[in-house]
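A.B. asks: Place chains Z and R on chain H using the hints.
Residue numbers (this note's numbering), protein chains in the order written: chain H, 1118 to 1260; chain Z, 1118 to 1260; chain R, 1118 to 1260.
If you're looking for bench data, these hints aren't it; they were derived computationally from the structure.
Take these hints with a grain of salt, some might be off.
As a list, the in silico DSS-like pairs of lysine-lysine whose alpha-carbon atoms are at most 30 angstroms apart [what the hints assert, rightly or not]:
| no. | chain 1 | residue 1 | chain 2 | residue 2 |
| --- | --- | --- | --- | --- |
| 1 | H | Lys1155 | Z | Lys1155 |
| 2 | H | Lys1218 | R | Lys1218 |
| 3 | Z | Lys1218 | R | Lys1218 |
| 4 | H | Lys1218 | Z | Lys1249 |
| 5 | R | Lys1249 | Z | Lys1155 |
| 6 | R | Lys1249 | H | Lys1218 |
| 7 | H | Lys1155 | H | Lys1249 |
| 8 | R | Lys1249 | R | Lys1155 |
| 9 | Z | Lys1155 | Z | Lys1218 |
Which stretches of chain Z does chain R cover? Using the computed rule of at least three CB atoms under 8 angstroms from a CB of chain R, they are [to be verified]:
| no. | stretch |
| --- | --- |
| 10 | 1148-1154 |
| 11 | 1158-1167 |
| 12 | 1203-1212 |
| 13 | 1229-1240 |
Some chain H residues close to chain R (C-beta under 7 angstroms, calculated; not the full set) [said to hold, decoys possible]:
| no. | residue |
| --- | --- |
| 14 | Ala1143 |
| 15 | Glu1152 |
| 16 | Leu1166 |
| 17 | Gly1178 |
| 18 | Phe1246 |
| 19 | Lys1249 |
Beta carbons: idealized from backbone N, C-alpha and C, even for Gly.
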Amino acid sequence: MPHLVIYYTPNLDDAIDMRQLCRTLADVMLAQTDEAAKPVFPRGGTRVLAYPATHFAISDGGAAGRAAGGSGDYAFAYLNLRMGRGRSSAVHQQVGLALQKACETFFEPVFQQRHIGVTVQIDEGTEVFDVKLSNLHPLFNKN
Amino acid sequence: MPHLVIYYTPNLDDAIDMRQLCRTLADVMLAQTDEAAKPVFPRGGTRVLAYPATHFAISDGGAAGRAAGGSGDYAFAYLNLRMGRGRSSAVHQQVGLALQKACETFFEPVFQQRHIGVTVQIDEGTEVFDVKLSNLHPLFNKN
Amino acid sequence: MPHLVIYYTPNLDDAIDMRQLCRTLADVMLAQTDEAAKPVFPRGGTRVLAYPATHFAISDGGAAGRAAGGSGDYAFAYLNLRMGRGRSSAVHQQVGLALQKACETFFEPVFQQRHIGVTVQIDEGTEVFDVKLSNLHPLFNKN
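If we strip away everything but chain H, and leave its shape as in the complex, we get (with noise of 0.2 angstroms):
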């Protein structure tokens, strides 16, 4: 934890670089620090998982869009972030607000050209058993 995962349209990967939106909101994730000046998040435990719907149905097809003028052809984002429990909400503001404002740099030029959601959810983790095998942790744990 914490895992990123993006669903999203297609359509796309013609218009942003999905790649580097991954590592845009890791960085972001990676700079939260907590109320007491702490990384919010394990260095070796955060990660951004980008798929691409193979298919897909937004909202009424195209047909508004296409009625105030644009191609109809919508696109959406979905960002869903879980994390483990025992954050304070503040923390979870922080975060989301944080996410919040990466996507809305990221995707401005999108909103400028077609019409697109994007959503920015975070869950708080209720597994019921979770064990993490990992030799990346010790990468950040050794000094």
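C.D. replies: Chains Z and R alone, transformed into the frame defined by chain H:
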């Protein structure tokens, strides 16, 4: 919201028109009205995204299906709808039954031809942060 | 149910046989029995689906891995099992540990070769609507 994500085995792409299923299910959701005769879901926020798995394993891998005279090439679709909080239990059931009925119709030819499982589940979101950036919603909120 | 979805970085497709991992994990689940010596999971309802991400960002992007003498090409797999409600905590732990053990064996060669994180989490479903359409279950309920 709502977001309906379909996880499925890629052998279904040869059996049904998954793109059409996405459209059909989006239309089913857009047609739902609540106890006050208002739309259950926002028109600009209704999305269906479908993802064929790259790798998969289903049940016993095919032995029982072949023993029953089938191909053993099992198919599977998992429809997971996530909706916002605050709808009544009656609305949850109504939406679920409407999706179920649409699936029964859509998958009926597949059920005649092969062994398949289709699961429809609705989750009520428990997100701790939630924000939407959208120029889609205003298309439907003008009047 | 159960549904095990594997989200992973595509570089793992060069390192392991993900299809075989799906089969192995399905078999692990099918082999689980509860306190009453009954199968934990229905044979016809056990599914594993694996999805390589199209884009991703992991941890610091590779710097620490390269500094430690590795390639910096981090790998990651997130195994998320969702099961129905009502099993005991002991069963949750048993299933989780069995999946963990299978992953330890399966990923051991990868851990020798590169920096990788593998997370196994089990969620107990909290769905507000749930229906199964299936001609798979009857294959195993005949006798």
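A.B. asks: State for each hint whether it applies.
C.D. replies: Cross-check of the supplied hints:
no.	hint	verdict
1	H:Lys1155 <-> Z:Lys1155	violated, 47 angstroms
2	H:Lys1218 <-> R:Lys1218	violated, 41 angstroms
3	Z:Lys1218 <-> R:Lys1218	violated, 41 angstroms
4	H:Lys1218 <-> Z:Lys1249	holds, 12 angstroms
5	R:Lys1249 <-> Z:Lys1155	holds, 29 angstroms
6	R:Lys1249 <-> H:Lys1218	violated, 40 angstroms
7	H:Lys1155 <-> H:Lys1249	holds, 21 angstroms
8	R:Lys1249 <-> R:Lys1155	holds, 21 angstroms
9	Z:Lys1155 <-> Z:Lys1218	holds, 21 angstroms
10	1148-1154	violated (count 0)
11	1158-1167	violated (count 0)
12	1203-1212	holds (count 4)
13	1229-1240	holds (count 9)
14	Ala1143	holds, 4 angstroms
15	Glu1152	violated, 24 angstroms
16	Leu1166	holds, 4 angstroms
17	Gly1178	violated, 24 angstroms
18	Phe1246	holds, 3 angstroms
19	Lys1249	holds, 5 angstroms
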